[in-house]
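S.K.: Okay, here's what each chain looks like letter by letter:
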Amino acid sequence: MLPALRQITRGLRRNRGLTAVMVLGLAAGITLWQLSSLTVRQQVAAPPRDPPSLFAVGLVRQPGVKATLPDQPAIHLLVDTLLSPRDAAALALPALASRIGMTAAARLAAAPGQRDPEDVQARFLNRSLFEMFARTFRYGGPFVDGAAEVVLDDRQNREWFGGRDSVGETVRIGGRRFRIAGVLALEPRILTWDTFIQRPEGLLLPMEWLGPLRPWPNPAGPSDDVGRIFRDPASAEDTYVRLWVEVPQEAREPYQRALDAYVAANGQRRPAILSARLVPHPEWDAATSRPEGIYAIFRAMGILILAGCALNLVRIAMVLFAAGSLELGIRRAMGESRRQVLGRQLRDAAAVGAVAGVIGLFLLAASVPLFNSLIPWRPVTFLLDARAAMACLGAGPAVAVLAALYPAWRFSRLAPATLLRRQ
Amino acid sequence: MSGALKRVLGAMRHNSAAFAFLIAQIAFGSAVVTYALVLAVLFERQRGLAGVDLDATFSIAVEGDDLAAAPRDLAALQRLPGVRAAAWSARAPIVQRLGGDFLTGNGRKVPTWSAYGTGALAAASGFQLVAGRALADDDASANAVRPILITAALARALFDSSTAAVGQVVESPALGLRYRIVGVLGEASVVPSTDPNSANLTVHAALPPPARHAEYLVNVGPEGRAGFARAASAALRRPERFVRVEPIRDTLIREFPQRNGTLFIFAVMITLVLGVVLLGVTGMSSFLVAERLREIGVRRALGARRVDIRIWFLFENFAVTTLGLAIGAALTWLLNRTLVTRALPAAALDIRYLLLAMILFWVTGLLAASRPAARAARVAPAVASRTA
Numbered sequence: 001m002l003p004a005l006r007q008i009t010r011g012l013r014r015n016r017g018l019t020a021v022m023v024l025g026l027a028a029g030i031t032l033w034q035l036s037s038l039t040v041r042q043q044v045a046a047p048p049r050d051p052p053s054l055f056a057v058g059l060v061r062q063p064g065v066k067a068t069l070p071d072q073p074a075i076h077l078l079v080d081t082l083l084s085p086r087d088a089a090a091l092a093l094p095a096l097a098s099r100i101g102m103t104a105a106a107r108l109a110a111a112p113g114q115r116d117p118e119d120v121q122a123r124f125l126n127r128s129l130f131e132m133f134a135r136t137f138r139y140g141g142p143f144v145d146g147a148a149e150v151v152l153d154d155r156q157n158r159e160w161f162g163g164r165d166s167v168g169e170t171v172r173i174g175g176r177r178f179r180i181a182g183v184l185a186l187e188p189r190i191l192t193w194d195t196f197i198q199r200p201e202g203l204l205l206p207m208e209w210l211g212p213l214r215p216w217p218n219p220a221g222p223s224d225d226v227g228r229i230f231r232d233p234a235s236a237e238d239t240y241v242r243l244w245v246e247v248p249q250e251a252r253e254p255y256q257r258a259l260d261a262y263v264a265a266n267g268q269r270r271p272a273i274l275s276a277r278l279v280p281h282p283e284w285d286a287a288t289s290r291p292e293g294i295y296a297i298f299r300a301m302g303i304l305i306l307a308g309c310a311l312n313l314v315r316i317a318m319v320l321f322a323a324g325s326l327e328l329g330i331r332r333a334m335g336e337s338r339r340q341v342l343g344r345q346l347r348d349a350a351a352v353g354a355v356a357g358v359i360g361l362f363l364l365a366a367s368v369p370l371f372n373s374l375i376p377w378r379p380v381t382f383l384l385d386a387r388a389a390m391a392c393l394g395a396g397p398a399v400a401v402l403a404a405l406y407p408a409w410r411f412s413r414l415a416p417a418t419l420l421r422r423q
Numbered sequence: 001m002s003g004a005l006k007r008v009l010g011a012m013r014h015n016s017a018a019f020a021f022l023i024a025q026i027a028f029g030s031a032v033v034t035y036a037l038v039l040a041v042l043f044e045r046q047r048g049l050a051g052v053d054l055d056a057t058f059s060i061a062v063e064g065d066d067l068a069a070a071p072r073d074l075a076a077l078q079r080l081p082g083v084r085a086a087a088w089s090a091r092a093p094i095v096q097r098l099g100g101d102f103l104t105g106n107g108r109k110v111p112t113w114s115a116y117g118t119g120a121l122a123a124a125s126g127f128q129l130v131a132g133r134a135l136a137d138d139d140a141s142a143n144a145v146r147p148i149l150i151t152a153a154l155a156r157a158l159f160d161s162s163t164a165a166v167g168q169v170v171e172s173p174a175l176g177l178r179y180r181i182v183g184v185l186g187e188a189s190v191v192p193s194t195d196p197n198s199a200n201l202t203v204h205a206a207l208p209p210p211a212r213h214a215e216y217l218v219n220v221g222p223e224g225r226a227g228f229a230r231a232a233s234a235a236l237r238r239p240e241r242f243v244r245v246e247p248i249r250d251t252l253i254r255e256f257p258q259r260n261g262t263l264f265i266f267a268v269m270i271t272l273v274l275g276v277v278l279l280g281v282t283g284m285s286s287f288l289v290a291e292r293l294r295e296i297g298v299r300r301a302l303g304a305r306r307v308d309i310r311i312w313f314l315f316e317n318f319a320v321t322t323l324g325l326a327i328g329a330a331l332t333w334l335l336n337r338t339l340v341t342r343a344l345p346a347a348a349l350d351i352r353y354l355l356l357a358m359i360l361f362w363v364t365g366l367l368a369a370s371r372p373a374a375r376a377a378r379v380a381p382a383v384a385s386r387t388a
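Protein chains in written order, with this note's numbering: chain A, 1 to 423; chain B, 1 to 388.
Only chain A is shown next, with the shape it has when bound in the complex (with noise of 0.2 Å):
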């Protein structure tokens, strides 16, 4: 084994600059590629605690945003599932539902201890959302319902505490002091309890906050009255809250009957309701935990640069066989079979591919920290995950021998003679 490595080492000092450039294409080729293809493939749903038993619950109304995205049924089932708080508060049924979450996203000012407020995203939300869609805390707990306390995410927690246990610190909101009740513990995955997130969510309040805190709501759907959600919250049209429930196989059937009395019952409303129903968890989560599409470009133009430079490596193989045909010439006519010479440029293929793969491993590990920071504000936060990093130290040695297959076959397949001819 070491007379072979020493043997691939000193072939390829020969040609230094070319080796240089095989190795350097193709890592730079495999990193791109599995960063964007990490990129799709970490973009999944954080699971809830019980998928088949979790609602939200949905009222199809007159188009709103809907009429300016006319062919995405995916952006219609979001907006479906933003309810006005009076709708949500009607239609959350606790005779008929094990547990029931309501949330709503806002953006609030807020600072802990003394320092100056800033615009944070929030989120309100009832406590059993926590258990529902099964959040792990780092530091604490979920808070109190309607209790004067908050939950940060592990990034908040970082930007104001330096990432240390925050519990019981104070944050302020206006003129008011909110006890830490708990750090959420980072997960890589997409949090499905809502969407149109613009920014991920540092501060959870709970639910009842919402009045009280009066922050400016930024519906899915048109409005008649843009201020009535503040005067008169009873009537207001505002859609900006989802309610999610967990029903049991047998009070599905009920629940769907009182939200149809409930269309029923308020035919009058504009925008007009349409209908009703409890959209399964399955159904939203394939909505909601797709990647942005731009990803899925980026996906693609990932996989054609390695598709370049693994033709790159076709033809920098091609003239590093050339320049060694002097010494393929006298392995064959020292009497070394064709099937020796092309298993020989294949494993030196290999080696390369292997330093390649290294090396991308290592670019990978400083590009996925490295695109967190440039690209921020997304629905998670990439790692470098197992499935990366062997992705990396296999497609090395797998594209170089495949880029090679074809040049070492040709060169194989040369008399001694024409390949000492060809020095």
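Don't read these hints as lab results, they were simulated from the structure. Quick caveat, the model's predicted, so the values are computed rather than measured. Honestly, I wouldn't trust all of these hints.
[To be verified] Okay, the calculated beta carbon distance ranges per label pair:
| hint | chain 1 | residue 1 | chain 2 | residue 2 | range |
| --- | --- | --- | --- | --- | --- |
| 1 | A | Gln72 | B | Ala4 | 47 to 57 Å |
| 2 | A | Gly267 | B | Ser233 | 45 to 55 Å |
| 3 | B | Ala142 | A | Ala134 | 42 to 52 Å |
[Unchecked claim] Under 7 Å between C-beta atoms, here's a sample of chain A residues computed to sit facing chain B:
| hint | residue |
| --- | --- |
| 4 | Phe230 |
| 5 | Pro233 |
| 6 | Ala234 |
| 7 | Leu304 |
Even for Gly, the Cβ is constructed at its ideal location relative to N, Cα and C.
For this one, chain A is given, so just place chain B on it according to the hints.
M.R.: Here is chain B on its own, set in the frame of chain A:
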């Protein structure tokens, strides 16, 4: 020309595999570069709002426990030097948008975006009124048929002309509301032009409700811009109150922070692809020069000038690159059909970026081939007499 082309085809037949790999590499590379350019421009477009004067219009966000501060804040802002118009806006620019709607009128149905605010909202945003009148705060209390402003683009979509739209009544079927068009704005938008309907905007009058959060837009003349952010912050600052004052340009930068990173990543991709192609073409050209030393010598002996040899190699490279780009264009079109238009319709192929990518590749190819071509031109006619 046809003789030169024949020579190129002959060379390609002679080294068919090497040329095929180079052509495939150029094809793949050009598809990547075209899409990197398309996506880079798409992200760049996020940094603009049609019709908004990005430096003259300031976005102000305030949040505090005083629910009735908006009228006082507006009065304070209007008193600041250089202020041309100040308005309360129902939505923070860029970040929060009222969902789109349809407007029907003149038997047509057109998708629209909406902006709500006090009467001066359009002026504070920097939108130009081209016909009719501006909105006033009183318009917010109109009940039966509500006065609105619409953009010229929306007016043309509904009534074929801007002037014909003034005085017309349109309807929102979703909300069951009727609106009278009292004025028409030139170019105006509240969402970047990446949205296909961004030019169709309606502006409605509304009054600030009792809320903890308020957004203001202020249009400031050139003389007042330098000190405006500091003056506005001082005028609005209270204990435990959040105040942020910034030109809309900075709001766009803050709200689309991924743009710089995205451009960096695409720049890395383009550099990598062009670098690999550069190395590939250089290697290929050097290989061809080395292989044809005798042929070059014969040509030189038969009277070919150095420049003829140089042109021969450069033309060969140009022809190979062009063939690769033609296949690359087909691949790009295929990608556009099968992936891009489904995954991200806003990034659909624009022929200009395909042409730009082609120019990049031609220039890279010629640069890469120029040194080997110069080396070939230096080959002496005597080389022809040497035995191989």
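S.K.: Kindly indicate which numbered hints from before are broken by the structure, ordering the numbers from low to high.
M.R.: 5, 6
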